[in-house]
Each structure stands twice: as C-alpha cells, then as structure tokens.
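Enquirer: Heads up: the protein sequence lines correspond to chains V and E, in order. Mapping the first sequence onto my numbering, position 528 (from 1) lands on 528, and the numbers just tick up by one. Mapping the second sequence onto my numbering, position 80 (from 1) lands on 80, and the numbers just tick up by one.
Please keep in mind that the hints were generated in silico from the structure rather than gathered at the bench. Backbone N, C-alpha and C define an ideal beta-carbon position, used for all residues, glycine too. Worth double-checking, as some hints may not be accurate.
[To be verified] Here's a subset of chain V near chain E, in silico, CB distances under 8 Å, partners left out:
hint, residue
1, 303
2, 308
3, 366
[As the list claims (entries may be wrong)] Some residues of chain V that are not near chain E, with every Cβ distance over 12 Å (derived):
hint, residue
4, 83
5, 94
6, 95
7, 99
8, 131
9, 276
10, 326
[To be verified] Quick look at which bits of chain E chain V covers, simulated, 3 or more residues with Cβ under 8 Å:
hint, segment
11, 4-14
12, 77-89
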Amino acid sequence: MSRKSPGPPRGGPGTYPTVAAAADVVGRDARRRRSGAHRRRLRLTGLRPRLLFGFAAVAAITAAIITAASYFLIRDALVSRVATNAHTQLIADVQANGAQLQQSGSAQTDTTIAETMAKNGGGVILLITTRGSVASDSRFSNQDITKTFQVAAHDQVVQERKIIGGTPYEVTGTRINPNGPEVYLFTSLESEQAILTELMTIGLASGGLALIGAGGVALLATRNVLVPIRRIGHAARMLGQGDLDVRLEVKGTDEIADVSRTFNETAEALARSMAELRAMDAASRRFVADVSHELRTPLTAMTAVTEVLEDVEDADPTTVSAAHLIANETKRLARLVEDLMEISRFDAGTAAMRIEYINLPELIEATLATRGWTNKVIVNAPSPLPTKIDARRMDVVIANLVGNALKHGGEPVALTVTDDGPFVVIQVADSGPGIPADALPHIFDRFYKADKARGRSEGSGLGLAIAFENARMHGGQISARNRPEGGAVFTLRFPSNAQGVLASEADAVDPDHGAGGDAGTTDSGPYGRTQGVSV
Amino acid sequence: MAIELALTRQGHQVATAATGEEALELWQSQRPELVVLDVMLPGIDGFEICRRIRRTDQVPIILLTARSDDIDVVVGLESGADDYVVKPVQPRVLDARIRAVLRRHGNGVPDAGDTAVFGDLVVDRAAMTVTRAGEPISLTPTELKLLVELSRRPGQALSRQQLLRLVWDHDYLGDSRLVDACVQRLRAKVELVPSEPQLIRTVRGIGYRLDPPR
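Isolated chain V (complex conformation):
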C-alpha cells in the first residue's frame, strides 16, 4: 500500500554516523583497557626494580667487603701463627737433635732422627745431608724443595708456603752448619685452610641472607612508597572521570601525606566550584521553568479568547490587521512557552515516558493528517511496523522533523521508514538548499537558527532541540546531513522496543492474562484498521 519514494535511497548512508560513533566508543574502550594494562605492567625503569636493585647492590657490596677483609685478616693471622710456631719448632728441633744429626753417619740414622724430630714437632721433617735426603713421611722428598729456597736456607731460617699433593704446607728450612745437614719442616696448613673455607662459606651465606633481607626491605620500602602513589594515581583518575567525592586518607606527616592533603584540598575546591556551577545552572533552568510557568497562566487566558480577535472583520482595516497580529503572536507566544516548559521538563529530568504498542506507519499517517501535511510528504514505510514507543513524543519528533523540512527545505519532502532489526530508522529528506556547513553542528541547539536572515520565523527555535531530546528519551538519536544530490536529510534512529514502563501494562492490572489461548483468536488486532500508509 505504501507508495514508492522517487527520491532518496532507503537506509544506507543515513545509518553511517551511528555505526561510526559506536565503533569509536568501542575503540576508546579498548584504548582505555590497553593503557590500564600498561600502567599495571612491571616496568624495569619503575621505582620498585630500581629500589630493589639499589638495596641488593648495597647488601652485596657490604657483604663482599666484610667477608674479604675478614678473610685476609684471619688468613694472615693464622698463617703467621703457624709460621712462628714452625720457626720456633724447627729451631728447637735443631737444637735438640742437631748434634746427633751431625754425628750421624748413615741414612738409617738420619731417618730415625727425622722421625724423632717429626714426633716432637707435629709436622714432616725432611733432612738433606751429603748422603742424600730422608723424610719422616715417604710422600716428601727433596723434589719438594726448590733450589732457590734451598740456597736461601743455607745461612738462615727461611719459610715459604707451598702446595704439595693438593695440601698447603708452611715449609721452614735451615742448615745446621755451613756445609752441614739441612733440615726442613713441613707444617700442614690443612686445618687453617678448613677454617678459612668455613669462613668463606659463612661469608657467602651471610651475604646471601643480606641480599634476601635487602630485597625484603626494598620491597617493603617500595610498597610503602608505591601503594600510596598508586592510591593517589587511582584517585586522580577517578577525579578525572568526574567522581568529585574521591578523597585520600592522610596518614603520617611524610611527603606522601603532604601530597594526599594537597590532592584532597584540590578535589574539595573542584567539587565546590562544580557544585556552585551546577547550582547556578540549576537555578537558571529553574528560573526558565518558573518564568514559563508564570507566563503560561495569562497566556492560557489570552489564547482562549484569540478567536474573538480573529473574528474581528467589521472594524477599520488597521484594527482588523492589528487584531489578527495580536491573535497570531499570542498563539506563537503560547507555543514558545509550551516548548520552553517541555525543555525545562527535560532539563529537570521530570519528563516521563508512556510506552505503548504503536503501529508506527499508522502514527506517521495520523501525525501528518492532523497537521494537514498528508499531500506534502511522500511516505515510504513497511506495513505494519509494530513498535513500543511513547506515541505523543514520537508524534512530536516526526512533526518537528517534517515541519522543519517543509519550512526550510521545501517540497517534496520524503519520509522513509526502514526496519533495521532492533532499530527503526526514519529519514526525512527535503529538496531545499541544504544546511550550511557551519550550521550543521548546531542544528539541534536551542534557539539556533541556521538562517539568520529569517530571524523571525514562525517556530520557537526549540523544535529540533525538543525532537532531539525526545529521540534521546527513546534511546535513539537524530543526525542531520546534506545529501550529495542536494537537500538536507535528517535521520532518526531508535530502538523499536523503547525502554520504559509500558503504559497499558502499568495502568491496568491484567487479571485474566493467560486465561487460555485467547490472544490467538483475534483476527483484527490493534492494527486491523489501516495496514500501512497510503499518501
């Protein structure tokens, strides 16, 4: 039944801005999530690793210095004690057994003497005589004495440290007489070595413990610093997102407490100035509402009697035209005040939705017919198109869009309804000059008039703003653009199932619901009268 629209393409490009806007929102969300993850990721340049590294370095260096110093000190002390003892021992041995050794004539005796000396002194004795070398322990021989050491031992007692068979020894040596037998004492440093090894182990262990301790302290310190910093960061983000009630707990007297206090004061000041701005805004809105309300009472009375003025025909022409002017302007003023009150209801949030089951094409037909536009608008709509909307508000939206198109655009005006799944798209296209590019962003602003020259047009200048708010209440939106082939097109997109209290279900209880398959027996439903729209 619907007549084909000759002009504008259906659906298509008109849906663009909405889709693009949705994609933009998704993109922004994803970016926010990504940046959040970035914020939480452990950064190598962050405060925590830096502090951790610093503390660990201090602990490691300290432990290393202490261990090294004590190692060298203790080693020197131990070695020099051993050396002194060995020195004393050797001299005592030589004094005790020197004479006997000089008289010895055989290797056999030498060995016996060496063993005796070794027994007294707690070491290994190596004797080098003209007969050769004997040792109290067979593992040792004159091979273990270097030539230089032997030469040095000729006229004094000399000592050197030497590793023989993997064990360190303090070698003390001397010659009893010039050209006499040489005596060498090998004192094992094994126990000293063990002590030093143990010291090293203890040093390493305590160093490790110090590292762990330092790490713990570093983590604790960073925690103490980072947790408040993170809290401040979080609070700052909340503040940025508009939560002006966010405050920080001020603990202690440190720098972080200072920052927290400053933050709280800033947030307080911000909240105060926001509240002041809001109060001023609310006051000015309330003023508009009050003024409109006060204006309405006398205007109601005046509009009720404008017909009297319109019927003035028998007076002189000046009076007649004056009367008609007053009648028309009074009506216009009344409309303006009504629009202002409607806007102030939106601002105050007191505008209520009354959702009903509505066959949209039928509503459009009624909207156009009521205003005598039926022959001026080419409607292209599927039939039927059941929706759940506020009939009065949708009527206002469509009437404003079509009225705007007729007034500023010019005929023919094409109204196209597209069923887009959960959404309904209504496009109103005109054949006028289109909307100036600089006016496009402001077209839905209150009292904005694209055509300044036509400052005193019939409208209140609130029509599109009211249409926009009404669309928003339906969970929809209106966008405006110019068609490439000329003329402006307004696209209204709203969910076909508007959210809100369903009027019929809210007002009337439904006691016999489900009384048994009775809904199916209805042949003539709510849309039984007119299927679709023919214009």
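Knowing the structure of chain V, use the given hints to seat chain E on it.
Expert: Below, chain E alone, put in the same frame as chain V:
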C-alpha cells in the same frame, strides 16, 4: 473567565464557579448537562468534586489538567471523569470534546431492537439500558458507550486506539489511559468479581474484548 467567554462564543450556556464549594452548589442548583472541572481549585479540589458528583449523578465530566502533572490525569480518570483536556486549553479542542461527550449522552442513533446477552448481562442497545439478572445497572454515558461498542463486536479484540476513536471521538494520539480507566470502572459495575473479569477481557498488548461467559 477566558474559557467561559470562549465556550459562550461556541454557543454553550456557561455558569462558572470560582471555588470547589461554589461548584458543588452550582451543580446542585443548575443541574448542568456537562461539567468542565479544573483540577487546581481553591477549597475542595477537582478530584473530590468529581467523586462527590459521581456518587449520585452520571453527568459527563471533563477535567482540565496540566500536562506536567501526569498523575493528575490518572487520579482524575479514576475519580470518574469521562475525558480530560490538557492546559493551555484550545477552545476548539475543548468544544470538540464537549460535543463528543454530549453525543454519547444523547445516545446517538439507537440500533433498532438490538439486544445483546452475555450470560445474565443484557445490553439493550435500543433502549440504551444495561441489566444484570434483571436489575438495571447505572452507567455513565461514556461507560455505556464503551460497553455498547464492545458488545457490537463480541469476541473481537478492540485496540485502545480503536476504542478511543469509537467512544471518545479522539484522534489517533488520544490517551489510552482514558480507555483503561473507563474499563476499570465498567468492570467494577458489570463484572461479578471485578478483579477477575469474565466479560471484559484484557488482550495483552492490544486492548480489550467482550466475551460471552463460558
């Protein structure tokens, strides 16, 4: 004042009262064909007057309400008003509503010898009377008209919009709460158990239907 002037120009005879008390006195003494009632009245408010009139009389009542006070509409219709007009009043709209309500009162063109029977409920569309088990039921013109329109299409669901056009002469964008409120009042009078209606059924998402009881 302004409404009085406008209605007089439309050819009505108008008597006005400034307060609720005056209105009740005026109604008693003048017995008007129709009452136009502003909700905001000094003294007894419009709803209370509506209720008091309804106790004894089925005279048509049209309420004047402000659109911002949506609850007024609901309360007003519950207290028994036949129709309402939102302020600021356009005289032509008010006049059209008045004439529509009066048409209902004047019973329009009676259907010759037409009687519908739903169980023990008898709707005599010629005499414009409704009886239940022989006992006459007193209905306001609007309630009667609604019942008659439903009884003309037994078993057929009528949408709220259709009923608004048929009964109230409203255009497409009429307030469907008029229908709901009137159905509630009608049920209270004709149903045996108004909370469990057997005659006037709700058709969910559509409207109402008059069924012969099973």
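Enquirer: Which of the listed hints are broken here?
Expert: Violated hints: none; all satisfied.
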